[in-house]
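Q: So the chains spell out like this:
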Amino acid sequence: MAIALPFLIALALVIFVLSNIVFFMWAEFKISGRVADRFGPMETGRWHGWAQPLADILKFLNKEDIIPANADKLIFRVAPFVGFIPVVMVLAAIPYTNKIFVRDFDIAVFFVIALSSFTFVSMVMGGWASGNKYSLLGAFRAAGMLLSYELPLGLAIAGVVMLSATLSLIGIVQQQTVWNIVLQPIGFLVFMVAMQAELQRSPFDLAVAESELVAGYSVEYSGMRYAMFQLGEFFGLWALASMAVLLFLGGWHGPYLPGIVWFFIKFYGIFLFLAFSRVSVPRVRPDQLMDLGWKILLPSALVNIVITATLIVLVPHYQVPLAVSEFVILIAALYLMRRVLK
Amino acid sequence: MAQYAWVIAVMPVLAFLIILFTLRRIKEKAAYVAIAATGAGLLLSLGVLATVWGGRIFTYQTTWLTAGKLTLKIGMYIDPLAAVMLVVVTTVSLLVQIYSIGYMKGEKRLSWYYAAVSLFTASMLSLVIANNFLQLYISWELVGLCSYLLIGFWYEKKSASSAAMKAFIITRIGDVGFFLGLALLFVNTHTFDFSAVRQIVAAGSLGAGTLTAIALLFFAGAAGKSAQFPLHVWLPDAMEGPTPVSALIHAATMVAAGVYLVARSFFIFEAAHPAALQVVAGIGAFTAILAAVIAVTMTDIKKVLAYSTISQLGFMMAALGVGGYTAAIFHLTTHAFFKALLFLGAGSVIHGAGTQNIYEMGGLLKKMKVTGWTFLIATLSIAGIVPLSGFWSKDEILTEAAKSGNYIILGVLLVTAFLTAFYMFRLYFVVFTGPVRDEHAHESPAVMTYPLLILAVPAALLGLAGSPLLGNWFTKFIALPGAEHIAAAPDYLMMGLSTAAALAGIGFSYVLYGRRAVTAWSVVNSLSSFSWLNTTFVDKTIRDGLRVTLGISNGLARFDTRFVDGIVNGVGGVIGTFSRYFSRANSGFIQRYAMRFVIAFMLLAVAVYFVLVR
Amino acid sequence: MVPLQYYIIMSAILFTIGIYGVLARRNAILVLLSVEIMFNAVNINFMAFSAYITPATMVGQIYTIFAVASGAAEIGIGLAIILLIYRGRETVNVDEVNMLKW
Amino acid sequence: MSGQLLAFWALSFVILSGALYIVMTKNIMHAVFMHLLTMSMIAAVYGLLHADFMAAMQVLIYAGAVTAMVVFALMLTKSQSRPDGAGIAVDNQQRGASFLTAAGFLAVVIYVLVPQKWAVHEAAPVVKSDVAAMGAIIFKSYILPFEVISVILLAALIGVIVLARKED
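Chains as they are written, first to last, in the working numbering: chain A, 1 to 342; chain B, 343 to 956; chain C, 957 to 1058; chain D, 1059 to 1226.
It cannot be assumed that every hint is accurate.
Computed, partial: chain C to chain D, Cβ under 8 Å [as the list claims (entries may be wrong)]: (1) Gln961; (2) Tyr962; (3) Leu970; (4) Tyr976; (5) Gly977; (6) Asn983; (7) Ile1000; (8) Met1003; (9) Tyr1008; (10) Ile1018; (11) Thr1020; (12) Ala1028; (13) Gly1032; (14) Ile1033; (15) Asp1051; (16) Val1053.
Result set (BS3-like, lysine-lysine): computed pairs, CA atoms no more than 27 Å apart in a straight line [stated by the list, open to error]: (17) A:Lys295 x D:Lys1224; (18) B:Lys447 x B:Lys371; (19) B:Lys499 x B:Lys369; (20) B:Lys450 x B:Lys645; (21) B:Lys645 x B:Lys709; (22) B:Lys450 x B:Lys369; (23) A:Lys99 x A:Lys30; (24) D:Lys1198 x A:Lys133; (25) B:Lys709 x B:Lys447; (26) A:Lys73 x D:Lys1084; (27) B:Lys645 x B:Lys447; (28) D:Lys1224 x A:Lys133.
These are computed hints drawn from the structure, not numbers from a lab.
All residues carry an ideal CB built from backbone N, CA and C; glycine is no exception.
The whole structure should be built from the sequences, with the hints applied where relevant.
A: Spelled out as structure tokens, the structure:
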């Protein structure tokens, strides 16, 4: 029984996350529908098509698992797992309150970043193994994009780590008497933008852009393996949205309500932001993508780090000066950018 | 002041380097660099002269290189002789360089010309201040090299390049002697230093035979450089070089180096067998009269002056030979100025008249006032007319000759004095008087005439410094240290004889060339056999001698190529064969290298493990 | 508990495999991968020694950090050079790039 | 047999067979992905040695950076024109000699290393690596090498850009 307990916890966690993901899918259908002045799914399960995601999953499970004749069969088969398994492993590092967590890694932040880089590998594997030029192109778009955005993402996280002086996610949340979004608005913005790129969500979904590359690296996939790519993406969303909550929004901190509730309020806030930005912002071109990553996000993340480091070293009570200076710089930068764009 | 004398020599070197490294860009401006260096050198030289005024001697030296027990030093030996030579060299060099701005105008290798002149000046100065024979020898060869470069300055002309080679090879014959003398000296004394050698010679530990051999070998070198019979044949040909170069190198300075060498090593000659000095005197006197006779037959203005130079150098050598050390140096000094003046004047004439043949000139005094009058001063000076410097120095030599009791030498020198006056005035009358043959002749620019005017002053007046009537100041100044000073009373007999010879020569010349009372050709033709002796006999002998040397050299070369090279090539060939075999290993296939590396590392690890750990 | 020798032998074998790859592989990229294998064999050794012999000072671990960083620099430069060679010679086969000889 | 030992044997097996696969396979792309697997398993070995930070670092560098660079290099140089990788000789002519050399090297190393007695620390190997302590050590005792390595990385970054960019 003692041995079985971790497995049961893991199973419970996965089921919990999966059910949330089912809800995500439905919510996304509905939001994108409403934004496009549609209803979205209405039939399946009677009430506002609530069972549509479940039906989709069943459909995927039932579909034939096609392997193209030109494919590298071994890698073609392995690729979805390479993307999926590390993302699931990331769940182990994410705490929900200071009581509810799987394991308190002392390098949790680093662990998450390291494992999320497998996403890129699975895309390249799948795209290359398919033996299809669209999938290969898509894979390399994804690869270049992930590599470009992992840097600002990591640097934005580094700013938070500098404030909290620990890599443990629980430790980081406990440090946040003031939410880090107040102290590091620049870092938070960089994180939010880079996160969407990392998740390959619109407006950064050009690796799987239907109109250009059919479906990118997953063009040849069908059935269960395709579902695993999709599921991997949702797990990644789960992980990164949780990270945003934990790193910048004070985790489970909040008045009156219990911690777990606060956590999921903030979590769904992030989710809503992602869902709305997906349907409201047009897709960027590859060159715009690279420009954004290397010329705006990376310098901004570095500015964030430099300001934070300087103030930590020089000022004993650095919170107020840090928040003020970051806000001033952010507003000045946005104002300047607006002027330039005009 | 004297300790900075080396700066005088270094500055032209700097000028040389600056010009050399900016050869293409500096163009005419090279002249200013060289002139600045030499001008500064002149000022410093005057300072050095003032420092040694009281007859003091300065020596400085530093280690140049050490090889085993042998330590070679370079240094300076600044005595009145060196100081006087410094001033002479820098003055003449400076004036010649200024003059060259006009004379060499439009020359496309002008910067190279100034580079070579600067190098020459530096070498000559270094020769003058050397405190040991080795440094002197190095400078000696350097001036030879510069002479070669400048004679062959217009190397497009076949005659110029051949003349350059001839000069180089013939002086080389003398230099071999000098070198052997140096070797002999070093073997016996283990030093090159003047003072040390002087002490060793004074101590008398060297045999008279050895000293005589050294002296004669040195004299061979001096004869080559100073164009003494039979090695004089290069100097007339050297007139192929630019005229200012002839004035500087082949009249005033470098050719005097031989005289300087004999003067510097005079203590060796004195200690040697008397025959050594007699050889010097004999060859000097013979050269003096031979060259004077040939000068009479020459029709090229520069050739006349070249033979005149040879003749005057013979005078100096004869003076040294009869023991007239100070007289020789005195004549060297005055000669440097008036002969430089003559050459520069000749250059001006050539510049104005566009020819070197004296019979194509005539009446130029009207066209070229400055050149003509300064030339006249120099001519009077070299002829030996009373208050001018040539008179006093020549008189000094004649006095010394008379004092030594060597009346043959004295007679020869007196005849030479007569001939000198004759051929010099022949030159003067033909070129500057008589009908105007070239209407286009014109005076040279100021940059050329001012050096003439400046040079005219020492050419006329310097002799007074050594006049016995005025107390023989110059003689006292440069007299050998330790040698008791002979208070030379004015020898009115000699003055009279030399003046008589000079006036006779001038008069004879005036009759033949000034008034043209007698046809000149009969006289000149009768003298032309001497010319044959010179051109055919000496040249042929030297050529035959060179041919023998060439034969020996060829034999040795054959030995070298067949035997010595055979060994060397054999060794090289064996190594080469192995190398070709081993170089296959260097295939460019990098993983093969890596594999060798791993294997070698393995073997090394095993070896280290078993040797050190176990 | 795993004896230290096990780690050492495992890394030695891994290193040897890397050597074989470096010597026998023709494609320059595969050679680079083999070099990486050798690098990591060395790093395993460092890590094992660090954990077993100096757990407090962590010398081996810190050395490994530096080794990994320079290894990353090395593979970046190596791939850039391979790219250059490919542009110039249309091949990445090490045995065909043999102009530098004799 | 303890769990650790079992894990060690399993990881060693995967690592060594993965490495062998890398140096044996004809398919370069397979070699690249197998390389990533091997490196991840080496990261697991670091975890076994209680160096979690180094394990994460290993994964980050090899999954995030090295594999990406190698894959890009592969695509930019036509090393692998077809997914099955057929028709391209990937081994050179000194394969046999290389095998013998490597075997000899292994023999030497094993012969020298196995009998050695190591001064194993009494607390080893159960001491958990403390990231904070490690950071303190790096930024106090090893600050100079750290800065040097940062300069090296910068130099490599610039060098790679200079080398790899097309001149136009």
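Q: All the hints need checking, so say for each whether the structure fits it.
A: Hints, verified against the model:
no., hint, verdict
1, Gln961, "holds, 6 Å"
2, Tyr962, "holds, 6 Å"
3, Leu970, "holds, 6 Å"
4, Tyr976, "holds, 4 Å"
5, Gly977, "holds, 4 Å"
6, Asn983, "holds, 5 Å"
7, Ile1000, "holds, 6 Å"
8, Met1003, "holds, 5 Å"
9, Tyr1008, "holds, 4 Å"
10, Ile1018, "holds, 6 Å"
11, Thr1020, "holds, 6 Å"
12, Ala1028, "holds, 6 Å"
13, Gly1032, "holds, 5 Å"
14, Ile1033, "holds, 5 Å"
15, Asp1051, "holds, 5 Å"
16, Val1053, "violated, 12 Å"
17, A:Lys295 x D:Lys1224, "holds, 21 Å"
18, B:Lys447 x B:Lys371, "holds, 12 Å"
19, B:Lys499 x B:Lys369, "holds, 22 Å"
20, B:Lys450 x B:Lys645, "holds, 26 Å"
21, B:Lys645 x B:Lys709, "holds, 23 Å"
22, B:Lys450 x B:Lys369, "holds, 8 Å"
23, A:Lys99 x A:Lys30, "violated, 34 Å"
24, D:Lys1198 x A:Lys133, "violated, 51 Å"
25, B:Lys709 x B:Lys447, "holds, 21 Å"
26, A:Lys73 x D:Lys1084, "holds, 15 Å"
27, B:Lys645 x B:Lys447, "holds, 23 Å"
28, D:Lys1224 x A:Lys133, "holds, 24 Å"
In summary, the numbered hints that this structure violates are 16, 23, 24.
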